[in-house]
Every structure is written in C-alpha cells, then in structure tokens.
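A.B. asks: Guided by the hints, dock chain A onto chain G, whose structure is given.
Protein chains: 2
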Amino acid sequence: MSIRFLTAQLAQQIDEELMNAVGAFSLDQLMELAGLACAQALSTVYSKERYPKVLVCCGPGNQGGDGLVAARHLGMFGYKPTVYMPKPGSKDIYQRLQKQCINMDIPIIPPSASIEELTRALRSSNVILDAIFGFSFKPPVRAPFDDALEFISASRLPIVSVDIPSGWDVEFGNEEGVGLNPDVLISLTAPKPGVQHFRGRHFLGGRFVPKAMQEKFKLNLPEYPGFDQIVELPRNYRM
Amino acid sequence: MSIRFLTAQLAQQIDEELMNAVGAFSLDQLMELAGLACAQALSTVYSKERYPKVLVCCGPGNQGGDGLVAARHLGMFGYKPTVYMPKPGSKDIYQRLQKQCINMDIPIIPPSASIEELTRALRSSNVILDAIFGFSFKPPVRAPFDDALEFISASRLPIVSVDIPSGWDVEFGNEEGVGLNPDVLISLTAPKPGVQHFRGRHFLGGRFVPKAMQEKFKLNLPEYPGFDQIVELPRNYRM
Chain G
1 MSIRFLTAQL AQQIDEELMN AVGAFSLDQL MELAGLACAQ ALSTVYSKER
51 YPKVLVCCGP GNQGGDGLVA ARHLGMFGYK PTVYMPKPGS KDIYQRLQKQ
101 CINMDIPIIP PSASIEELTR ALRSSNVILD AIFGFSFKPP VRAPFDDALE
151 FISASRLPIV SVDIPSGWDV EFGNEEGVGL NPDVLISLTA PKPGVQHFRG
201 RHFLGGRFVP KAMQEKFKLN LPEYPGFDQI VELPRNYRM
Chain A
1 MSIRFLTAQL AQQIDEELMN AVGAFSLDQL MELAGLACAQ ALSTVYSKER
51 YPKVLVCCGP GNQGGDGLVA ARHLGMFGYK PTVYMPKPGS KDIYQRLQKQ
101 CINMDIPIIP PSASIEELTR ALRSSNVILD AIFGFSFKPP VRAPFDDALE
151 FISASRLPIV SVDIPSGWDV EFGNEEGVGL NPDVLISLTA PKPGVQHFRG
201 RHFLGGRFVP KAMQEKFKLN LPEYPGFDQI VELPRNYRM
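Going down the list, the sequences are from chains G and A.
For the first sequence, the UniProt record's numbering begins at 1 and goes up steadily by one.
For the second sequence, the UniProt record's numbering begins at 1 and goes up steadily by one.
It should be emphasised that the hints constitute simulated quantities derived from the structure, not laboratory data.
These numbers were taken from a predicted model, which means no experiment stands behind them.
A hint or two may mislead.
It does not matter which identical chain is meant; a pair holds if it fits inside one copy or across any two.
In silico DSSO-like pairs for lysine-lysine, Cα to Cα no more than 30 Å straight-line [claimed, not checked]:
| no. | residue 1 | residue 2 |
| --- | --- | --- |
| 1 | LYS216 | LYS48 |
| 2 | LYS53 | LYS216 |
| 3 | LYS53 | LYS80 |
| 4 | LYS211 | LYS99 |
| 5 | LYS80 | LYS218 |
| 6 | LYS87 | LYS211 |
| 7 | LYS218 | LYS48 |
| 8 | LYS87 | LYS216 |
| 9 | LYS211 | LYS80 |
| 10 | LYS53 | LYS87 |
| 11 | LYS99 | LYS216 |
| 12 | LYS53 | LYS218 |
| 13 | LYS87 | LYS99 |
| 14 | LYS48 | LYS99 |
| 15 | LYS211 | LYS53 |
| 16 | LYS218 | LYS91 |
| 17 | LYS138 | LYS48 |
| 18 | LYS87 | LYS138 |
| 19 | LYS99 | LYS80 |
| 20 | LYS216 | LYS80 |
| 21 | LYS53 | LYS99 |
| 22 | LYS48 | LYS211 |
| 23 | LYS87 | LYS218 |
| 24 | LYS99 | LYS218 |
For reference, chain G alone in the conformation it holds in the complex (with noise of 0.2 Å):
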C-alpha cells in the first residue's frame, strides 16, 4: 500500500480534528511537533557547518507559525536564522513566536523594511526555509509575496520548503510556473497532491497523529525511525 495523498480539504479536516474536543490537541502543541520537525529536515540536508545561516521565510498563517518555531529550533541546533515574516498573522501566538525567537538573538526583518531588505538578507544567507505558503494556500500570489518569490528563486539558494512549495497549487502543483523549485521539501501529516512529481529529497514530519485517526483517513504512513519527528519518504513513494 502506498502513502496517501492529502487533498486540502482532507488536510483542513485532520487538523481541525486534531485540535477539537475530542482530538484535544492545542495549536501550540501541534506548531511546536511541526516546526521541529522542519528544523530536524533541514539540519539532515543542510549542515550548520556549512550553511550556518537560515533565512526563515514566514507567511501569515500556521505555516508561518511553524516557520517561527524552526527558526527558535534551528537557533537552538546552532544555526544563525534570520526571519522573514512580512505579514505576521493576527493570532496573539505569532506575537509569542516572534518574542521567543527575539530572547534567542533571531533577527525579525521587520514589516515596514522594504523588499530590499530582503534581498540583502538573501546575499548573506545560506539556505532558505520557505514557510510562505501551505495547504490551505490558493493563488494568486499576493503582494509582497509576490516580489519575495521572485527574489527567493533569482537567489539561487537552496530551499527547503514545508508542506508545499510556495506559490504551487496544492492539487496542481508548480503548473504555473510561479512557485519556488525547493531542493528538498518536508509534508506536514501526508504529502499533498500537487507534490506527487517533486523528485528532490522528501521528508514527513507531525508525528502526533493518532494510529486511529490514521487509518480512518487511510494515510498509509511509513514508519518514523528511533525518536526522531522526521521520516524521509523513498524515491518509489508514488500513488
């Protein structure tokens, strides 16, 4: 049986059972689970010794949210992340993400900066992690994000993206041709449609659904090795 492949809506509904009544789960436990998850991802590619500095790349929404927790992880693993988060969310949890991240020195390009400051941010980076966009995502692209992606992919770093690629379409994937082309990507609970034909290195992470949550949606998912919040999916993962 093969790994199953999450549309948004399936996506939506898990989340949301996770964290009702009955799942339990509170946003800070599942954000915390995730954005180490991607920290662990990008710490197996991208080794702090060579590609010590992140940039953080935060849209406004939960992706966002997991972005700010890798960054305070990456921090944590010995990597120098900077954030980028344009647009912060309105949820008094960004404004706590954020303040964590500022007690551990992280740099936050602040909102007003302009987009250059993005592009100098992007000379003196590393790798990106790009937590721009996730599943519940729907084009077009809007400003600033629009500018970021260009200036992101005209960078030439190497990206890793959570969940899916900013700027594809989560059933279609990168059609047209607006989305960054990430190096290697981290699904949250189960790859999404759109990334069926993403052929660089693919990790899952969001170790914390319930065996019977599992199989009630049938998700097929590969065994996490040891301890770790990451499982790497093999080349042959397709439906």
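C.D. replies: Using the frame of chain G, we list chain A on its own:
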C-alpha cells in the same frame, strides 16, 4: 567550567521567566518538549523490542503532565505505555493530555482503582517512567504515593526518573531512604543538587532555554548533539 546544579528556587525562577510576558512560552510548549525529551531518554536506554511495556507513573503537578506527554510520544515510538495517575491535577491541560493518550489507545488506570491495580500493572510492565514528583516536591510522601513508591521499588523493574527521583529531597537526595532508586535519570533544564551523587546514566532535557538566560543563570550546559532533545552527561560532570 562544570554544570550548575539548580536549587528548587532557581528552577522555579527559570520556569517563571520562560513563561512570563518576556519569555513568552506557554506551558503547552514547554511540557511538549520536556515530555518528548523524557520519552527520548527512556527509548535510548530501553529498546521497544526488549522493554515494550512502560508504566508511566504521573504525579499531580507539572511533572505528571510531562509524564503524560512522554506516554503519548512513547506510544508514537511503538512502545505499549500504560498511565498510572492517581491524583490528576485540576488544570485543564491534564484533562487534554489524558484525552490525547486515550486517543492513542493508551490505558489509564482510573484514580478510583485500588492500589492492587498498580501492582497488577507493575507485574505486566518492563520498565517504569517515574514522573511522580519534581523539583517542587517537599517531604513527606503522602498517600497514595507512599504505597506506590513502595510497590514500585519492590517490583525491581528498571526505573527512569524525571528531574528528581520520587521521594528524594531536591537538595539532599535520598538521605531518608524512602525514595526510588532509578537506573536512569533525566534532569530538566539542569540537574538539581540532590542528584549530584547519582551514578546511573544521566541525561539532560529541556532544550529551550535561550542562551542569554543560560548565561544569566550560569548554567554551563553541555552541548546537545545534532537535533536531539537530550544530551547524556559524562560521568565526570560533578561540581
């Protein structure tokens, strides 16, 4: 420079500073990372193949919450945990963490169960995770934990204790002789004075204290390897 042993008062102060408006961490976040670290320490020493059945013994406070999180992660790792939590704290978080365990099909011995239920559980367990008392424990050990400690000791099962072995004085250790004798210890944030003569395998968890706070409290923490949430202390870590 050697690692610092933290009095209960300092450990309390660090927890408070992590969770006040400046530190900005939620209890959910810290408990998730602490509990994950406990599960990682246990699984490093006791494999799920030889020690599948873990009895996770939880006290009424935050330490019990760490235990519930650890039980869930152990379930994710492929162990068969059972939770013994005779006095669940009243905070909402304990209810949520218990529900998360129940959703993972982790049996929870009900608080109404007789002490014989504990002895039955001990007979079918391979290893104990002792998350009964933490750094805020003050003697004497009160019911039902007095009997529980006795039965756990009598079982002669291997024990992994969290932060301070249950029954030990946080400052003076097991001077009274009523405490557990764990084989493995996982100290959270930094070890406490009472465990400085502990000679089993000793891990450190709680990889979330920002560098600036580590320096303020002169923790002199060892370096954590890779992306793990635990680090094993060398045998010569004494003051």
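A.B. asks: Check each numbered hint from earlier against the structure, then list the numbers of those it violates in ascending order.
C.D. replies: 8, 16, 17, 23
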